[in-house]
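Go by the hints and put chains B, C and D onto chain A.
Residue numbers (the numbering used here), protein chains in the order written: chain A, 1 to 150; chain B, 1 to 150; chain C, 1 to 81; chain D, 1 to 81.
No lab work stands behind these hints, which were simulated from the structure alone.
Each residue gets a CB set at the ideal place from its N, CA and C atoms; glycine is no exception.
Any given hint could be a false lead.
Claimed, not checked - Estimated spans, in silico, between C-beta atoms of each pair:
| # | chain 1 | residue 1 | chain 2 | residue 2 | range |
| --- | --- | --- | --- | --- | --- |
| 1 | B | E73 | D | D14 | 48 to 56 Å |
| 2 | B | S56 | C | R52 | 36 to 44 Å |
| 3 | A | E59 | D | L23 | 51 to 59 Å |
| 4 | A | K128 | B | K149 | 43 to 51 Å |
As the list claims (entries may be wrong) - Heads up, incomplete: computed chain C residues facing chain B, CB under 7 Å, no partners named:
| # | residue |
| --- | --- |
| 5 | Y9 |
| 6 | G10 |
| 7 | A11 |
| 8 | I15 |
| 9 | T16 |
| 10 | G48 |
| 11 | Q57 |
| 12 | A73 |
| 13 | F78 |
| 14 | G80 |
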Amino acid sequence: MEMSDKKPKNIFVDGPISPVKIGDDIAHHQKKTQIGAHSIFLGQVRADSVDAKIVSAIEYTAHQEMALSIMHEIREAIFAKYPLTCLHITHSLGMVNVGEICLFVFASAVHRKEAIDACEEVVERIKKELPIWGKEILEDNQYQWKENKG
Amino acid sequence: MEMSDKKPKNIFVDGPISPVKIGDDIAHHQKKTQIGAHSIFLGQVRADSVDAKIVSAIEYTAHQEMALSIMHEIREAIFAKYPLTCLHITHSLGMVNVGEICLFVFASAVHRKEAIDACEEVVERIKKELPIWGKEILEDNQYQWKENKG
Amino acid sequence: MMTVQLMSYGALTDITGANSFELEISGEKISVAELKLMLFSQFPALEGKTFRIAVNQRFVSDESDVKAGVQIALMPPFSGG
Amino acid sequence: MMTVQLMSYGALTDITGANSFELEISGEKISVAELKLMLFSQFPALEGKTFRIAVNQRFVSDESDVKAGVQIALMPPFSGG
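Bound conformation, chain A alone (with noise of 0.2 Å):
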């Protein structure tokens, strides 16, 4: 098993991730010829109505060395407890517009449970712990600050 590296990663792109990026890095893991099961989830931003208003675009923006910091805890700790080949973490900054992709978790390991596991505990503690913010931008400059759901 790969150990996750001592300083913390980068996570922060700015705007959608696209999704050629996410074929080239599912591609650069071809070699990693110990993987049996990748679990990937993507956060897509959606077409919400908030008060007959459409949302067209969420707008985001964190305390990036806070949430830096925070994540590379989580990664720790997710590393401690699934035998993991690696994980990787993409999440959106600034201007992603409805139908673009937000958030990006990639987890792979050599047997399936613990690679969806891991993965979805990953996108549970990004929503619940990472300083990031939302402002879904409506019609008319009008805009309104995302609320996550438990």
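Only chains B, C and D this time, still in chain A's reference frame:
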């Protein structure tokens, strides 16, 4: 919610599933703006060792008609149980080399919990219920029939 | 006299030698249990194996009937994914 | 007299008006509870809001001390992902 189709869909492709196709499939879901979460499982052929010989590929065969008919029943049950937006399954037939992808399960929903739970349940049911067999190809023209662990 | 079509899958093809073969049976029907005994006599290595039988794509129990013209699949434990 | 740096995030920036601002405080240290009262007096709309306070990137309780030069983050419930 989209209802599942009445006729069994094909799930089989010859050879490995390309990461580019996976990226394309993700991209094609960007116009479905009611989706908030995608959960993806990928099975990758592992370089296991069998009696000190390394697996170089798996050759998949199936009782195709039965597999498609059982997969259709699984789809119906999953759509009845979870409010999914869509569900796509791809499984390889024939030779898939080590490091290449042989199974792609792609579940999408408004909220993450449904997408994650449905994806996991589909993966488990595919492994247990679909009449598909993997022949692990070893060195020197030797082979061993794969066995799925619980 | 009747003929039934058999298909074998996975590790069982190593025993039956062919994926697809026919079996001639005297009479107009037999039970799955009787069919198994015929198979064990023709392919002794089958007897120790775990496998399920489907008749016309439906899993059947030992008490089910096998009639002329049906398709029979001999299926060892699955290993897809 | 001391100066502390404050950062506000998410919905709280609508109340504080700026993401980043300073507060001048008499004395050499105050508690987080006292800091909150000062903030409520300066930004009355804050009082009804749910938020957590981090000092130098660590979440703190009301009893913690705030000293000169620290960085204070006012953080409403998270909504990433």
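Going through the hints against the structure:
no. : hint                        : result
1   : B:E73 / D:D14: 48 to 56 Å   : 52 Å, holds
2   : B:S56 / C:R52: 36 to 44 Å   : 30 Å, violated
3   : A:E59 / D:L23: 51 to 59 Å   : 27 Å, violated
4   : A:K128 / B:K149: 43 to 51 Å : 32 Å, violated
5   : Y9                          : 6 Å, holds
6   : G10                         : 3 Å, holds
7   : A11                         : 4 Å, holds
8   : I15                         : 11 Å, violated
9   : T16                         : 14 Å, violated
10  : G48                         : 14 Å, violated
11  : Q57                         : 5 Å, holds
12  : A73                         : 6 Å, holds
13  : F78                         : 6 Å, holds
14  : G80                         : 3 Å, holds
Hint compliance for this structure: hints 2, 3, 4, 8, 9 and 10 are not met, and every other hint is.
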